[in-house]
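2 protein chains.
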Amino acid sequence: MAKPKLRIIPIGGLGEIGKNMTAFEMGKDVFIIDTGIMFPANDMHGVDYIIPDFRYLQERKDITIHGIVYTHGHEDHIGAVAHVIEAFPNTPIYATPLTAGLLEVRLRERRVADKTKINVFTAGDKLKVGPFLLESFHMCHSIPDCVGFGIYTPFGLIVYSGDYKFDNNPVDGKKPDYARLARFASEGVTLLMAESTNADKPGWTPSETVIDEAFDRVFKKAKGRIFVATFASLISRVQQVVNAAERYGRKVAIAGHSMSENVKMARRLGILDLPDTMLLDVSKINSISDNQIVIMLTGAQGEPTAALTKIANGEHRQLEIKPGDTIILSSHPIPGNEEFVYRTINRLFRLGANVIYDPIEKVHVSGHASQDEMKLLLNLVKPKYFLPTHGELRHLYEHAQIAVSCGVDRNNTFVVENGTVIEMDKYGVKVGERVPGGYVFVDGSGVGDVGRAVIRDREILAQDGFLIVVANIDSRTGKMLGQPEIISRGFTYLRDADTLLEQIRNTVQEVITNPNNRNGRKREKLQDSLSRLLYNETKRRPMVFSIINEQ
Amino acid sequence: MAKPKLRIIPIGGLGEIGKNMTAFEMGKDVFIIDTGIMFPANDMHGVDYIIPDFRYLQERKDITIHGIVYTHGHEDHIGAVAHVIEAFPNTPIYATPLTAGLLEVRLRERRVADKTKINVFTAGDKLKVGPFLLESFHMCHSIPDCVGFGIYTPFGLIVYSGDYKFDNNPVDGKKPDYARLARFASEGVTLLMAESTNADKPGWTPSETVIDEAFDRVFKKAKGRIFVATFASLISRVQQVVNAAERYGRKVAIAGHSMSENVKMARRLGILDLPDTMLLDVSKINSISDNQIVIMLTGAQGEPTAALTKIANGEHRQLEIKPGDTIILSSHPIPGNEEFVYRTINRLFRLGANVIYDPIEKVHVSGHASQDEMKLLLNLVKPKYFLPTHGELRHLYEHAQIAVSCGVDRNNTFVVENGTVIEMDKYGVKVGERVPGGYVFVDGSGVGDVGRAVIRDREILAQDGFLIVVANIDSRTGKMLGQPEIISRGFTYLRDADTLLEQIRNTVQEVITNPNNRNGRKREKLQDSLSRLLYNETKRRPMVFSIINEQ
Numbered sequence: 001m002a003k004p005k006l007r008i009i010p011i012g013g014l015g016e017i018g019k020n021m022t023a024f025e026m027g028k029d030v031f032i033i034d035t036g037i038m039f040p041a042n043d044m045h046g047v048d049y050i051i052p053d054f055r056y057l058q059e060r061k062d063i064t065i066h067g068i069v070y071t072h073g074h075e076d077h078i079g080a081v082a083h084v085i086e087a088f089p090n091t092p093i094y095a096t097p098l099t100a101g102l103l104e105v106r107l108r109e110r111r112v113a114d115k116t117k118i119n120v121f122t123a124g125d126k127l128k129v130g131p132f133l134l135e136s137f138h139m140c141h142s143i144p145d146c147v148g149f150g151i152y153t154p155f156g157l158i159v160y161s162g163d164y165k166f167d168n169n170p171v172d173g174k175k176p177d178y179a180r181l182a183r184f185a186s187e188g189v190t191l192l193m194a195e196s197t198n199a200d201k202p203g204w205t206p207s208e209t210v211i212d213e214a215f216d217r218v219f220k221k222a223k224g225r226i227f228v229a230t231f232a233s234l235i236s237r238v239q240q241v242v243n244a245a246e247r248y249g250r251k252v253a254i255a256g257h258s259m260s261e262n263v264k265m266a267r268r269l270g271i272l273d274l275p276d277t278m279l280l281d282v283s284k285i286n287s288i289s290d291n292q293i294v295i296m297l298t299g300a301q302g303e304p305t306a307a308l309t310k311i312a313n314g315e316h317r318q319l320e321i322k323p324g325d326t327i328i329l330s331s332h333p334i335p336g337n338e339e340f341v342y343r344t345i346n347r348l349f350r351l352g353a354n355v356i357y358d359p360i361e362k363v364h365v366s367g368h369a370s371q372d373e374m375k376l377l378l379n380l381v382k383p384k385y386f387l388p389t390h391g392e393l394r395h396l397y398e399h400a401q402i403a404v405s406c407g408v409d410r411n412n413t414f415v416v417e418n419g420t421v422i423e424m425d426k427y428g429v430k431v432g433e434r435v436p437g438g439y440v441f442v443d444g445s446g447v448g449d450v451g452r453a454v455i456r457d458r459e460i461l462a463q464d465g466f467l468i469v470v471a472n473i474d475s476r477t478g479k480m481l482g483q484p485e486i487i488s489r490g491f492t493y494l495r496d497a498d499t500l501l502e503q504i505r506n507t508v509q510e511v512i513t514n515p516n517n518r519n520g521r522k523r524e525k526l527q528d529s530l531s532r533l534l535y536n537e538t539k540r541r542p543m544v545f546s547i548i549n550e551q
Numbered sequence: 001m002a003k004p005k006l007r008i009i010p011i012g013g014l015g016e017i018g019k020n021m022t023a024f025e026m027g028k029d030v031f032i033i034d035t036g037i038m039f040p041a042n043d044m045h046g047v048d049y050i051i052p053d054f055r056y057l058q059e060r061k062d063i064t065i066h067g068i069v070y071t072h073g074h075e076d077h078i079g080a081v082a083h084v085i086e087a088f089p090n091t092p093i094y095a096t097p098l099t100a101g102l103l104e105v106r107l108r109e110r111r112v113a114d115k116t117k118i119n120v121f122t123a124g125d126k127l128k129v130g131p132f133l134l135e136s137f138h139m140c141h142s143i144p145d146c147v148g149f150g151i152y153t154p155f156g157l158i159v160y161s162g163d164y165k166f167d168n169n170p171v172d173g174k175k176p177d178y179a180r181l182a183r184f185a186s187e188g189v190t191l192l193m194a195e196s197t198n199a200d201k202p203g204w205t206p207s208e209t210v211i212d213e214a215f216d217r218v219f220k221k222a223k224g225r226i227f228v229a230t231f232a233s234l235i236s237r238v239q240q241v242v243n244a245a246e247r248y249g250r251k252v253a254i255a256g257h258s259m260s261e262n263v264k265m266a267r268r269l270g271i272l273d274l275p276d277t278m279l280l281d282v283s284k285i286n287s288i289s290d291n292q293i294v295i296m297l298t299g300a301q302g303e304p305t306a307a308l309t310k311i312a313n314g315e316h317r318q319l320e321i322k323p324g325d326t327i328i329l330s331s332h333p334i335p336g337n338e339e340f341v342y343r344t345i346n347r348l349f350r351l352g353a354n355v356i357y358d359p360i361e362k363v364h365v366s367g368h369a370s371q372d373e374m375k376l377l378l379n380l381v382k383p384k385y386f387l388p389t390h391g392e393l394r395h396l397y398e399h400a401q402i403a404v405s406c407g408v409d410r411n412n413t414f415v416v417e418n419g420t421v422i423e424m425d426k427y428g429v430k431v432g433e434r435v436p437g438g439y440v441f442v443d444g445s446g447v448g449d450v451g452r453a454v455i456r457d458r459e460i461l462a463q464d465g466f467l468i469v470v471a472n473i474d475s476r477t478g479k480m481l482g483q484p485e486i487i488s489r490g491f492t493y494l495r496d497a498d499t500l501l502e503q504i505r506n507t508v509q510e511v512i513t514n515p516n517n518r519n520g521r522k523r524e525k526l527q528d529s530l531s532r533l534l535y536n537e538t539k540r541r542p543m544v545f546s547i548i549n550e551q
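Same order as they appear, the protein sequences are chains L and E.
Counting in my numbering, the first sequence runs from 1 upward without gaps.
Counting in my numbering, the second sequence runs from 1 upward without gaps.
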């Protein structure tokens, strides 16, 4: 029999490691922390979103997944819940109230809410998940109701940070649970798993409350309507906007489906304090004067279908910019989105709005710990081993160096990629085997059917388009019947390219009537000749196909 | 006769205004400042680069272009020179030595070096360009030999800043020409045209020399080879690397064509001080020990064909990473490039390198003035009118506000887009008509043939690919002959989609044999039915085409 050990398996993530989903496996017993999604890079054409590749768990028919526990309600931690529940129906879920509410929305959307039970706990609660004992502790982040976990194992205590920052003035007044972290340290922490997002940022991430001061400055000056764009799930930011609106005698309207749904849910749970008297329907914003309105909406990342983007493009059903409007973008562009964010800002300026964004005003701060907070966590928890998680490789390397600077033995830090098993037994912690743990593309209703080959084709099509020629030939004479049909998109505007069209027709004629081209090889030959012609004439390489019908 | 006036026309730019090219027109006399290119946004599929749309000048058959004067040698200011000289052959060029050298390379590449004459001047020289008198003055930037211009007109003096920063410790020791700016002010400046790139950055941009200290820290620690990646045209950065290499007893190898060409030219001109004894051929780097080598190369922006990107992908012909290598990325990601830059960094870490980039170390600073420098320029020059240039709309708005805060009348500041004529006459400065002044896509050998329609098609193809069905039918019976031929790319991997293929075949059969479908409409009908089928089954919308051959 194999010696007992705990296996920790980071799964999913695109560039980022140990963030979307982590499995903890001991013998046949498994539990999972988080089930998030990621959004595609700019060159992953057509992909809607990306889910963790949890094939390894699916193929292990012998295991029991006792539960999925959640740290917080952001998409990169909960977004794939329906996919996971579809694969492992009846797995119980454990989450804090807000996270549970957000999970329920995702489960209902995909019609799998009846396939699991959500067990709601509050920060500080202990959870029994199969044979595992977890102790949750409150951490601050950019969404309320955020927790980390102490995980008790036969081989020592693991502390799992979740996304966090040490915010000493959090919007909801709930401080990080320093006491429990210190208590864990006094019990002795074998392994710390901590997030690395800002491992390259020196210093201390500012408290969320610095945003209040920025809002005050902007609200004081604004003479017309104020729009505030942020993430739909950034409930504490919504609260800050509501508070500012109250201070300046403005009512709040919520635009867009996802933001409205989240606000509704957070109000119901009592997490968002937004009285009925302050809420205004978007359709009624013309009924009161402009300086009494704040409109909250999505689109701070320049997402093409979000409300702010539609407004900037003049395509929103209900809202349009007028001179005197103030627009606040309360978020930082995620890498890859910068172009789209700045394009939106420029369009809003062109429409006459005054646009406020960082660095013009400090209307956003990161929700993630910077280097000095990482050091504080390491020094509070005093782990023997350190596994940096939640970051790109470059962040994990930096975070490991920070751990070493705080006294962790360099050999006890592990920089690994998704699918690399970390093994823990009574002798210590070490790197184990590699299992499938990457990611899967979701495109439309397809999960995993769009792979690298299809993406590569999309890239070629995106660069130079395609051209198809269909020629009919008389099977007796070998002569062409009529003109070949030419279909092309994304290559050049063929209607304006008479010479090129003529050259294409001539090439088809030549190849087909050339007696040296054996019948079976004419199609291939035609494709080659056309590709060469198009490259010589345009220096482009569209995909070229030919079909020859013999009649 | 129309009253005499000077017309200033900003041309080109993608999002950015008044940067790539500016025409100054008085009656029939014209001169141009700069002729730059821009690089496409991530959603401008397949476009190689973008040149200014100078159609307006081409259509004005009555004018004489007396010359093109250049501020400095960066691509976004010189890159389109060959296109402009092709359109206006024999137009003389005026440039400082380094800029002239870089221009010559561009002109030779496109084989038009014989169609113009480059007149070399040095900062401080006065230029007579047709009836215009220009007085050049030295400015600091991230490339040596950078100038701005005082432009004397019958309606007052214009000061044109060019790209600049007030660097009081420049690498080449040449300070900004404060004295001349002050002298202009004493003569009275009617209009200041100044660059706005960093108008949202508070404070003062650090001097280029802070990089020396960062290089020192990195060079001191590095035990193996050092690679420094930056822009090929960043000659002063190359000098800083050479100086650091000398301090730490390392030789310098240059990898990649464009970097090698620029270094060769800059050495020839005496702008780069790199003695033969320090230069090592890339092919010989294995002949000396690792801690005696610095390799300079391109790819700090994650450009797919640059040396560093190839190395990170393990695809470089001569160079590969080994553990112990230190890689310095001496540049900031340009918006839109972040994903690719970070991907390169992560890959280099994976190969065992230690990667140094800002914010890990201050190995790059911006070459553009921040807000306090903008204020200094405004207060030095004391213009009556202010035209912010060189920036996105959002930067121009900020810069105009800065000018107002420095005492320029708000009504005397102009935030305009490319193609908007600024008119200056004896009564003052005002906004005039709009002329074509946007941009033109260059794709392969095609200039302007790829327009919005083709880009839109490429976007659709990139998202969901295409599917084409070719069916042969018997013209007498209306029955299908054999199976339809199906070609698809970028949609889904059809070989694994048996059910879908079957459904496609059935749809073709149904539509073709349905007697309600009149012959002439079958093709359109087939396309509609297939589009619907594919959307229902996959929630994707590939381009669908059908061809029906009657035999």
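Errors might be hidden in some of the hints.
If chains are identical, the list can't say which one is meant, so a pair holds when it fits in one copy or spans any two.
Said to hold, decoys possible - Heads up, simulated BS3-like pairs for lysine-lysine below, C-alpha to C-alpha not over 27 Å straight-line:
{"no.": "1", "residue 1": "Lys220", "residue 2": "Lys28"}
{"no.": "2", "residue 1": "Lys201", "residue 2": "Lys223"}
{"no.": "3", "residue 1": "Lys382", "residue 2": "Lys322"}
{"no.": "4", "residue 1": "Lys384", "residue 2": "Lys479"}
{"no.": "5", "residue 1": "Lys479", "residue 2": "Lys322"}
{"no.": "6", "residue 1": "Lys430", "residue 2": "Lys28"}
{"no.": "7", "residue 1": "Lys384", "residue 2": "Lys284"}
No wet-lab data here; the hints were simulated from the structure.
### Message
So, against the hints stated earlier in the document, which numbers end up violated here?
### Response
Structure breaks hints 1, 3, 4, 5 and 7.
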